[in-house]
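From first to last, the protein sequence lines stand for chains X and V. Position 76 of the first sequence, counting from 1, maps to 76 under UniProt numbering, and the rest follow consecutively. Position 69 of the second sequence, counting from 1, maps to 69 under UniProt numbering, and the rest follow consecutively.
Fair warning: there could be bad hints in the mix.
Pairwise CB distance ranges, derived in the manner of DEER restraints [said to hold, decoys possible]:
hint: 1; chain 1: X; residue 1: Q72; chain 2: V; residue 2: N181; range: 41 to 49 Å
hint: 2; chain 1: X; residue 1: E18; chain 2: V; residue 2: Q82; range: 40 to 48 Å
hint: 3; chain 1: X; residue 1: T69; chain 2: V; residue 2: E69; range: 21 to 29 Å
Rough simulated footprint, nothing fancy, chain X against chain V, three-plus residues with beta-carbon under 8 Å [to be verified]:
hint: 4; stretch: 87 to 99
hint: 5; stretch: 219 to 228
Here are some, though not all, of the chain V residues that point toward chain X, as calculated from beta-carbon distances under 7 Å [what the hints assert, rightly or not]:
hint: 6; residue: D31
hint: 7; residue: S41
hint: 8; residue: T77
If you're looking for bench data, these hints aren't it; they were derived computationally from the structure. In this text the structure is predicted, and so the values were computed from the model without any measurement. All C-beta atoms in this analysis are idealised placements derived from N, C-alpha and C, irrespective of residue type, glycine included.
Listed here are the chains, written in short residue letters.
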Amino acid sequence: MSAANELDGNAMAGDLAEIFAVDVTQAVATCAGCGHPSALATLTLWGPAMGSVARCPHCEDVILRLTRTPGQAWLDLRGAVTLRIPLPPDDPE
Amino acid sequence: MAESRWETSSARTLVLDVPDWPGHLPGQHVDVRLTAPDGYSAQRSYSIASSWTDGGKVELTVQRVEDGEVSSYLDDTLEVGQPIELRGPVGGWFVWRNDPAPVLLLGGGSGVVPLMSMIRARGDVRGKQPFRLIYSVRTPQDVLYADELKRRVRDDPGLDVHFAYTRAVPDGWPEKPGRINVPTLNTHGWPPDFAPDVFICGPTPFVETAADILVALGHDPKKIRTERFGGTP
Chain X
1 MSAANELDGN AMAGDLAEIF AVDVTQAVAT CAGCGHPSAL ATLTLWGPAM
51 GSVARCPHCE DVILRLTRTP GQAWLDLRGA VTLRIPLPPD DPE
Chain V
1 MAESRWETSS ARTLVLDVPD WPGHLPGQHV DVRLTAPDGY SAQRSYSIAS
51 SWTDGGKVEL TVQRVEDGEV SSYLDDTLEV GQPIELRGPV GGWFVWRNDP
101 APVLLLGGGS GVVPLMSMIR ARGDVRGKQP FRLIYSVRTP QDVLYADELK
151 RRVRDDPGLD VHFAYTRAVP DGWPEKPGRI NVPTLNTHGW PPDFAPDVFI
201 CGPTPFVETA ADILVALGHD PKKIRTERFG GTP
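Isolated chain X, as found in the complex:
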């Protein structure tokens, strides 16, 4: 194994925190390839040069790609059927 994939989705927390209001490394992505649900923190991570590529730990399909350019972030989530994001329960007013 090369040194490039020795990280996991935990290491994306900072880059994703620039975009999302909650920590989405805890969110569960369902893989569009094999249907396996995985917390983003557990995806195998390639990069970060030019961008992060996060793969399903089950089938190795690409679930998420994130590229940061000056002034923009490109987020490609087409490898995920859904993203289930934990939120605090609704506060009944």
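Keeping the supplied structure of chain X fixed, place chain V upon it in accordance with the hints.
Showing chain V alone in chain X's frame:
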């Protein structure tokens, strides 16, 4: 950087005085960005070693990685008084939230750093949860926080530590050096019936081996949280 101390010959703890730090949870990390005068920049994630009630300082323990441009700068070049650029705290997955369940910690090499933050946080609140650390490390000289771990095992009720040496053992040690395996975790881990929350941090082969063994021994995969990093233990 307010101060620093060497934990081993190749790992230094950087004590950072961070203005407006919001506090952090044990297991969270920061992203460190270094930027050269020509604009070239490199970013790495480092786990926070300290617990937050330490009184306003943030500690990172940086293990020097061979050919590691960021780790060698942080260990060998950065001086007290110099600034570094941080982003954080970030991460919410590999985090201990003072839940009531017993906790089994498995650290490989510098993977012990976020686990130490959890041990320190439990000590701060005088937590009663049983905590057990299994620490896989090359040699006795490579152990991070050796004195503090010894002290906490004595002073923090319900905390114990088992060392699994991979290259060399202390004189008189009852086991041969070797990587963690089924007997290690079967003997020194907790039985699945105890239903511990498990945190495993280390290089990828360590994390995968440890998680696979625990699941094979009957632990619930949903209670196992992992964090893997580059470099070697």
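Structure-based check of all given hints:
1. Separation of Q72(X) from N181(V) is about 48 Å and conforms to the stated range, judged on CB atoms against 41 to 49 Å.
2. Between E18(X) and Q82(V) the C-beta distance comes to about 25 Å, which lies outside the given range of 40 to 48 Å.
3. A hinted range of 21 to 29 Å holds for the C-beta pair T69(X) and E69(V), which are about 22 Å apart.
4. A count of 7 residues in the stretch 87 to 99 of chain V with a Cβ less than 8 Å from any Cβ of chain X is obtained; the coverage claim is therefore met, three being the minimum.
5. A count of 4 residues in the stretch 219 to 228 of chain V with a Cβ less than 8 Å from any Cβ of chain X is obtained; the coverage claim is therefore met, three being the minimum.
6. Given the 7 Å rule on beta carbons, the hint for D31(V) holds: about 4 Å separates it from the nearest Cβ of chain X.
7. Checking S41(V) against chain X: minimum C-beta separation of about 11 Å lies over 7 Å; hint violated.
8. With a least beta-carbon distance of about 22 Å to chain X, the hint placing T77(V) at the interface is violated under the 7 Å criterion.
The structure fails to meet hints 2, 7, 8 from the earlier list, while all remaining hints are met.
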